[in-house]
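Using the hints, put the two chains back together into the complex; each one sits in its own frame.
Just so you know, the sequences run in chain order A and B. Everything in the first sequence is counted per full-length UniProt numbering, starting at 1 for the first residue and increasing by one. Everything in the second sequence is counted per full-length UniProt numbering, starting at 1 for the first residue and increasing by one.
Read the hints as simulated data drawn from the structure, not as lab findings. A few of these clues could be false.
To be verified - Computed list of lysine-lysine pairs in PhoX-like fashion (alpha-carbon distance at most 20 Å, straight line):
id, chain 1, residue 1, chain 2, residue 2
1, B, K336, A, K266
2, A, K29, A, K3
3, B, K89, B, K106
4, B, K558, B, K157
5, A, K103, B, K86
6, A, K103, B, K106
7, B, K558, A, K435
8, A, K435, A, K103
9, A, K86, A, K51
10, B, K336, A, K409
11, B, K89, A, K103
12, A, K432, B, K336
13, A, K432, B, K463
14, B, K558, A, K103
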Amino acid sequence: MAKIISDVVCPFCGTLCDDLEVKVSDDGKEILEVYNACVIGTEKFLHSQAKDRLTVPMKQDEEGNWNEVSVDDAVEYTAQMLCNAKKPLMYGWSSTNCEAQSKGHEIAELVGGVVDNTATVCHGTTLIAVQDVGVPSCTLGEVKNRADRIVFWGCNPAHAHPRHMSRYSIFPRGFFTGKGHKARKMVVVDPRSTDTAKMADLHMQIEQGRDYELLSALRVAIRGNPLPETVAGIPRETIQDVAETLKSGRFVVIFFGMGVTQSLSKNHNIDIAIALTRDLNDYTKAAIMPMRGHYNVTGSGQVLGWQFGYPFCVDLSRGFARYNPGDSTSNDLLRRGEVDAVFVLGSDPGAHFPISSVKKIAQLPSVCVEPHYTPTTAVCKLHMPVAFVGVEEGGCAYRMDNVPIETRKVVEPPEGMLSDEEFLERVLERVKEIKGVA
Amino acid sequence: MAEYLIKNGFVFDPVLEINGDKVDIAIKDGKIVQSTEIKNPTVVDAAGKTVMAGGVDIHAHVAGPKVNVGRNYRPEDKLFNYEPRKGVKRMAGGFSVPTVFRTGYKYAQMGYTTVMEAAMPPLYARHTHEEMRDTPILDQGAYPVFGNNWFVLEYLKNHEVENAAAYISWLLRTTRGYAIKIVNPGGTEAWGWGLNCNSIHDPVPYFDITPAQIMKGLMDANEALRLPHSIHIHTNNLGNPGNYETTLDTFKLFQGEKPNNDFGREQVMHHTHVQFHSYGGDNWGNVESKADEIMNYVNNNDNMTMDLGCVTLDETTTMTADGPFEHHLTELNHLKWANTDVELETAAGVVPYIYSPNVKVCGIQWAIGLELALLAKDPMRVFITTDHPNAGPFFRYPRVMKWLMSQDAREAQMDALKWAEKVRSATLLSGLDRELTLYEIAAMTRAGTAKALGLSHMYGSLKPGLEADVAVYDYNPETAEDPELIEKAFGNAAYLFKGGEIVVKEGEVVSNGNKKTLWVDAKVAENPQVQRDVAEKFLRYYTVTQANYEVNEKVFMKNPYRIEVDATQ
Ligand code: SF4
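Extracted from the complex, chain B is given alone in its bound form (with noise of 0.2 Å):
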C-alpha cells in the first residue's frame, strides 16, 4: 500500500495533546506511522490547512427500516439535490434522510470516516446491514436495541442479569451488532398498546417491570460483558416540556457506578440527543432551557458521556425506535405519520418535521443544543450531533461548529430567528461568550467519541498504529477570521485519507474506500436456559424461524470486522 506524508498541517488531536502544532503525519500499509518509518511517501502539502483524525460519529440513522421507511416516503426529500454519477461515484440524492451512496459522499466530504447507526431493531439486522454493506467509504456498527426487548424484559423483572447478559451476547453475535441501544425504555413496549411510559418509574404493561430497572439492568449487564461501548440510552419523556427531571433521575440511576472493560471507556452510560431532554416549563408556552441543570450534572459525574443533538433549523425527517412519541409528534405537527411495531423487541415511527426559525420553540430547541456543548467542561465526553435526521441533517455539523466557535455567528442567527427576544429569555445562549477551539472540536467530533465506543485503538487520533482515517481541511487557524469559513472548510474536507487510502482528493471523492462493518463477539460461559428461552420464543412467538434469524457475513456484509471480549471469567 502506498506511503503518505502529510506535511506542514496545523494538526490537532487531544489525545496526543497536539493543539495546532505544526506536525507531519506519516502513513503507511493503512496505519498512521512515525515519520521515520516510510521511505518514499506521496506529500501532501497541507501548509495552512488543519489536520484532524478522521471523524467519528456516534450516533446517527444512517441505514435500516425506518431510515428506508424515511427515503420511501418522502419524494419531496429528493427535490433540487441529486447528483449525477461522476467517476467512482454513483447518483446519489435526499436531503434529510439521503441515499446510502449519498450517505457515505458527504460523510467523506466532511472527513468523516467512522459512523455507527444507533438503533437496529433485531429482527431487520439484515435490511441494516445490506444498507451499510452499500453505503461507500465508511466504517460502520449498528447498535441493536435492547430497552423493549422481552427476554430483556423478563430476565431483568426476575433480577437475573446473567441470564440477560448471555442473551445480549447471543443478539449481538446472531445480528452482528455492536453495543446496547436502550430506546424509551419500556415505552414502546407499551406503546404495543398505544401506551407509554413517561417517567423512569412507570410500570410497565403486563411485564411488571419499570424503566428505571430495564436501564439499570442493562448497565449491570453491559458491565459484566465488558463490552467496548456502555449503555446508549434515549430515555423516557424524550421532547416533552419538563422533560429535564426525567432526564436527571435516568443520570442519577448511575451515579458512582464504575466501568468494567479493556477498551479504555471510562463511562457506564452514553445519553443520546440530551437537547431533546432538556426542557423545563410545564406546555409549549413556557418551555425553556435546563441546559445549566443538565450540564451540571454531566460536568460533576465524569462516568457518563453524551451527544447533543442539535437542531439546526432545517426540513427534516423524523425517526425514532421512540414509537409513542413519534404518535405524539404527528398528533400535533399533523403530518404524515409512519409506524412499525417490531414483534418481541421494539417499534419505530417517522414522522417529517420543520424546524422553523419562525417558530419559539424551534428557536428554544436550537439554543439548547449549542449551550449544552458550550457548558460542557470536558469536550471528551460532550459529542456533537444532530441525531440525524431528527434534529437536522449531518451535514450541518460544520454549522453546528460555526455556532459553536463564534459567538458572533450565534448571535447573528439568533437575530434572524422571528422570536429572538423570547427566544433570548428562555434560554441561556445569549450570555454564554465561550467559543470553542478546534481542539475541543477535535475531542468532540472524533478522540472522545472513538474513547466512548471503545475504539481509541483504531480512531480518533493520530497516534502512531491507528487506523490512517486523517482528515485534512482547508482552514488555517492562524488567518481565519471569517466564521462562515468554519462552516465551509469543515463541509469539504481538502483531503480524506481512511485506512491509508486517499478517499478525498482537493474535495473531490476519488474511491468508494474499504470500509469495515464492526461487530462485537462477547463470549459468555454456555447458558442452557437462555438456549432454551430462546428456542421456546422461536418456536412460539417469533414469526420466523430461529435459524433464518442470524446474519449471513457472506451476504450482508463488506468486510466484517470482528471485536472480540472474553466474559467468561
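With the rest of the complex left out, here is chain A (with noise of 0.2 Å):
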C-alpha cells in the first residue's frame, strides 16, 4: 500500500510551490509519484531516487584519485580546514534550509569567513537596488487577487519558474481577479521571443542591454513628457501605449529576472525599475518582484540579514560583519586570490562561475556538500554527500515574495546520510573544539 502525502513544498525554484503530493511506498522509502508539481520539480524528488547516488564521502588525493572517507574524516578535514584558513570562503546556500545556514553562519563567524550566496551571480544587484531606492512589493497572492497588468521584464517563467504563471501571476482568478487571464494585460520584454514572450498581449523585443534606456522611456511617457522616435528599439507609440496600460490598470506587477539584473548597467537597470514602479504608485497601485531562483535564495538573504544586518557577501573575517559587494563577494575574491580554502554548499559555482574563478577553487583546499555530482564537486578536494532538502529532510525555506514555508520531509534518506544542518552541527562541534571557545 503506497501512501499520499500532501501540502508537500517543492525545494526547486523560488516559486515555491506547496501544493505537492507525493506518493511514496509503504515503507516511507521510496518515492513513486509526484503529483502537481512542473517537470523540473518533479524531477528534484524524483532525482534523490536515484540508485547510484553518492552516499559516501569521497577525497581527492594528491594524484587526483578518489577514495571513500568516512563522515568523521570528513567532518575533521572540513574542521581544520576551515579553521586554518585566513579568509575562507563559504559559499553557496541557496538550496538548503535557514536551519542548516544558521548553523553555517555560526561557523563563518568562529573562522573568520566570508559568507556569499547564489544573489552573488543573479539578484544581488537587485539587492544593491534596493539599498539605493527601496522596493514597493507584495506577496504573490496578492498579483493573484488584485494584479490586473503583469509585466514579465527580463525573465522566462515558463521555462524558469514553470508553474509561476498558473499558480500566481497571469491565470488564477482571485478575490478581485474573478477573469482571471481574460481580463489581465500580459506586457513582456525580452530581446528574444521566449515561450513567455509569445503568450503576451504585447511583447516589446527590446535590443540587447538597452533596459536601462527603455525604463527610462517609459518614465518619461508615463508623465506624458515627449519621447524620440524609438529607444532601444521600440518604437515610441508601442512605449506610449505600454505606459498607458500601465496607468490604466488598478493594480501592475513589474516582474523581472536575469535578463535585466546581469545585462549591461546592472543594478542601475534595477534602480530605475523600481523607480518607474514608485511613479506608477501616484496614478495607480504598483509593485515589483525579483523571479529569484533557487527555491530558497531569498531564505539565504533573510536569515543573514537578521544575524549580520547584510543580504549577500558578508565578509566576517575582520571580527565584524563586512559588506561590500564588488569587494567581499565571492568571484571578487577568487579572482583576487584573497580566500584561501572555499566550503561550497547548496548551490553549484562549478557551473555557473566564470572559469577562471572555478579554476582557483580546483587550486584551493575545498569541501563541497551536495546530495548530487556537480561540476563543482569535480574540482573540489572532498565531496560530503548529503540528504536532499525539502525531500528527505524538512526546515524553512522562503519563497521569492519573501513568504516563509516549512518545507516537509517525505522519504528517508539513505541509511548513515546526514542533513546539510546535522553535518555543519558536527562540524560546527569541532571547529569549537579547534579554537578551544565554550
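Right, here's the structure in full:
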C-alpha cells in the first residue's frame, strides 16, 4: 500500500509551490509519483531516488584520485580546513534550509569566513538597488487577487518558474480578479522571442542590453513627456501604449529576472525599474518583484539579514560583519586570490562561476557538501554527500516574495546520511574544540 | 538553580508600593521568593544602587519581515557600531535596526527582560518567530495584525462578533500570536488599491465597513475571548497635522466599556505611540501640540492605556503596517521606500527618517512625546516607548527617562533645537515643571506594562512568586544630581537577572539566558462556519495551503510558553 503525502513544498525554484502530493511506498523509503509539480520540480524529487547516488564522502588525494572516507574524516577535514584558513569562502546556501544556513553562519563567525550566496551571480544587483531606492512589492497572493497588469522583464517563467503563471500571476482567478487571465494584460520585455513572450498581449522585443533606456523612456511616457521615435529598438507609440496600459491598470506588477539584473547597467537597471514602479504609484497601485531562482536563496538573504544585517557577501574575517559588493563578493575574492579555502553548500559554482574562478577553487583546499555529483564536486577536494533538503529533510525556506514556508520531509534519506544541518552541527562542534571556545 | 540575595538596594516597585526603601530581594529556582526561603545564596551587594523588576516593553518592532527589510536595505545603519564576538556574545551591529543579537544584548543592558513585537503579519509569522528564536535573553511575544484582515472585515461587516472571535482564536493559535493588533484599520486594505481611510468613518473600499466598526468589533471579540491583553491600536490618520481629533474619536469609541478577563487587565484598549496621533493645526507650518487634550481624555477614562512613541532626535528607520502612511512619508522626504502588501491580511512600509534638531516639526514631535508622559496622572496606564525604531531606537529609553526626570535636561535639549522658540510656542513642554520619580518610571516601564499585557502574574514586580527578572542600576537616588547619570546608569545595568539567572554582571552580558516565547491559546466552542470559511479562503485566495500556514513550535520557537484562556463559556 502506497501512501500519499499532501501539501508538500517543492524545493526547486523560488516559486516554492506548496501544493504537491507525493506518493511514497509503504515503508516510506521510495518516492513513486509526484503530483502537481512541474517537470523540473518532479525531477528534483525523483532524482533523490537515483540508484547510483553517492552515499559515502569522497576525497581526492594528491594525484587526484578519489577515495572513500568516513564521515568523521570529512568533518575533521572540513573543520581543519576552515580553522587553518585565514579567510575561507563559504559559498552557496541557496538550496538548503534556514536552519542549516544559521549553523553555517556560526561557523563562519568563528573561523572568520566570508558568507556569500548565489545572489552574488543573480539578484545581488537587485539587493544593491533596493539599498539605493527601496522596493515597493507585495506577496504573490496580492498578484493573484488584485493584479490586472503583469510585466515580465528579462525573465522567462515558462521555463524557469514553470508554475508561476498558473499559480500566481496570469491564469488564476482571485478575489478581485474573477476573470483570471482574460482580465489581465501581460507585457513581456525580452530581446528573445521566448515561450513567455509568445503568450504576451504585448512583447517589447528590446535591443539587447538597453533595458535602462527603455525603462527610462517608460518613465518619460508615463509623465506624458516627449520621446524620440524609437528607444532601445521599440517604437515610441508602443512605449506610450505600454505606459498607458500600466497607468490604466488597477494593480500593476513588474516581475524581473536575470535578463536585467546581469545585463549591461546591472543594479542601475533595477534602480530605474523600481523608480518606474514608484512613479506608477502616483497614478495607481504598483509593485515589483524579483524572480528569485533557487528555492531558498531568499531565505539566505533573510537569515544573513537578521543575524548580520546584510543580505549577501558578508565578510566576517575582521571580527565584525562587513559588506562590500565588488570586494566581498565571491568572484572578486576568488579572482583576486584573496581566499585560501572554499566551502560550498547548496549551490553549484562549478557550473555557474566564470572558469577563472572555478580554476581557483580547484587549486584551493575545498569542500563541497552536496547530494549530487556536480561540476563543483568534481573540482573540490572533498565531496560530502548529504540528504536532500525538502525531500529527505524539512526546514524553513523563503519564497521569492519573502514568504517563509516549512518544507516537508517525504522520505527517509539513505541510511547513515546526514542532513546539511547535522553535518554543519558536527563541523561547528569540532571548530569550537579547535578554537577552544565554549 | 542558584539562589541569590540582592542586598541593600533602593527598591522601586509600584505593585508592592515600595518607593526607594532598602529591601532585600531573594531569588530561588528562577522565581522571586521571601528572603527566609533561601539558605545559601550568592549575595549581590546593591548598596547605593537602584533595584527594579526587569523592564517590560509593550511595543517595539524588533523581529519580522519589515524589520529585516530595514536591516537589509540599510547597510549604512551598521556604520561604526559593529561589536565583535566576545565571550557568550555573537558579533552584533546596527543602530536603528540592530541585528537580533544586538537587540537582545542592548535590551539586557537597559535592564529589560520582556519585549513584545508589535506587529506580526500572520503570513510571515514564521519569519517573526525565527527572528525571536535567535534573539537572545528576552522573553518575547508577537501581536498578529487584524485590522485589515479579510475574515475580520467580512465577519464584522455582518455583525458576527462570535465568528470573528473564533477566527481570532484560530489565528492566534496558528501563528502563535499574543494579542490583537490593529494598524490603520481599513486604511491598509484600502492601500491595496493605493487608497487610505483618513478618519474612523471612511468606508473601506469594497468591504463596506468603517474603521470605527472594525475597532469596536475587535474590542468586542477581544473581551469575548477574555484575552490577557486588550486590543492594541494604531489608529487612522497617523502623523498628520490635526489628527488629534481622529485620535479622540478613536478613544471615545470605547468610552464606558468594561474589560472581561482573569489576568488583572483593566483596560479595553491600548493606544500605541500616541505622540504621532496628537497633532493640532492643519498643515506642517502651523502644526502644534494637542497633548493636553489627549491626556485630558486619558486621565479621565481609566479603561484605556497608552504608550508614548517619544521622538529621540536620531536618524532612524520608520516601519509600520500602515502602508499608505509610509508612502506618504516617502513623498515627503524622498528617501528610499519599501512596501509589501500581504494577501488577505495587511501591508507594511519602511522609510528611513531623520529627526533633526534643526527641523521645527521634529522639535515639536520631540516635545509632544514628553508632554504626554508629564501630563499623565496615572503612570500605570502611560508607558515609555519610542515605537522603536519609528520615533527613535529603543536604546534611547534611558535618555527619554532623563528628559522626563529632569526639567534641566529637557530645557538643555530645547535650547539646542534650532527653532527652540517656535517649538516652545507650539508646545507646552517648557511650561511643565513636573519631574517624574523613579517610582513613576518603574510604573511606566514594568509594573504598568506587565499589567496592561495581562502578565502581572509573571513580570513587572518583585513580588514573591513572579519570574526572577531583576535589574540593578548603578544609580543612587539619594545622592545623584547630574541628570546625565540617569541616562548612563539606566543604559548600563550593573546586574540583570533573567528567570533567576545572571545575564548581565558588572555591565557585561555573561549569558544568553533562557528566553521564553509567549503566545495565547484562547479556546472557543467549535465553529464549523469559521472552519469552512478558513478552508475556502485558503483554497481560493491564499497562495499557501492551509496545512502550510501553521507555525511549528519545534522548528520555529524557543521555549514556547502557552497562556491558556477558556472562552467557551
Ligand atoms: S514552479 Fe518551481 S517550485 Fe513550482 S513545482 Fe516547478 S520547480 Fe517546483
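Now the hints, each set against the structure:
Our distance criterion of 20 Å between C-alpha atoms is met by K336 (chain B) and K266 (chain A), whose separation comes to about 19 Å. For the hint linking K29 (chain A) to K3 (chain A), the alpha-carbon distance of about 11 Å falls within 20 Å, and the restraint holds. A threshold of 20 Å between alpha carbons decides the hint, and for K89 (chain B) with K106 (chain B) the separation of about 11 Å falls inside it, so the pair holds. This hinted pair does not check out: K558 (chain B) and K157 (chain B) have alpha carbons roughly 38 Å apart, beyond 20 Å.
Proposed proximity of K103 (chain A) and K86 (chain B) is supported: the alpha carbons are some 18 Å apart, at most 20 Å. For the suggested pair K103 (chain A) and K106 (chain B), the alpha carbons sit about 23 Å apart, so the restraint of at most 20 Å is broken. For the given pair, K558 (chain B) sits about 27 Å from K435 (chain A) by alpha-carbon distance, which is inconsistent with the 20 Å threshold. Taking the CA atoms of K435 (chain A) and K103 (chain A), the gap is about 16 Å. The hint holds against a cut of 20 Å.
Of the supplied pair hints, the one linking K86 (chain A) and K51 (chain A) is violated, its CA atoms being roughly 39 Å apart against a limit of 20 Å. At most 20 Å may separate the alpha-carbon atoms for a hinted pair to count; K336 (chain B) and K409 (chain A) exceed this at roughly 40 Å. At most 20 Å may separate the alpha-carbon atoms for a hinted pair to count; K89 (chain B) and K103 (chain A) meet this at roughly 16 Å. Straight-line distance between C-alpha atoms of K432 (chain A) and K336 (chain B) comes to about 41 Å, which puts the hinted pair past the 20 Å bound.
With a CA separation close to 41 Å, the supplied pair K432 (chain A) and K463 (chain B) exceeds the 20 Å bound. Taken as a hint, the K558 (chain B) and K103 (chain A) pair is honoured in the structure, with Cα atoms around 16 Å apart against an allowance of 20 Å.
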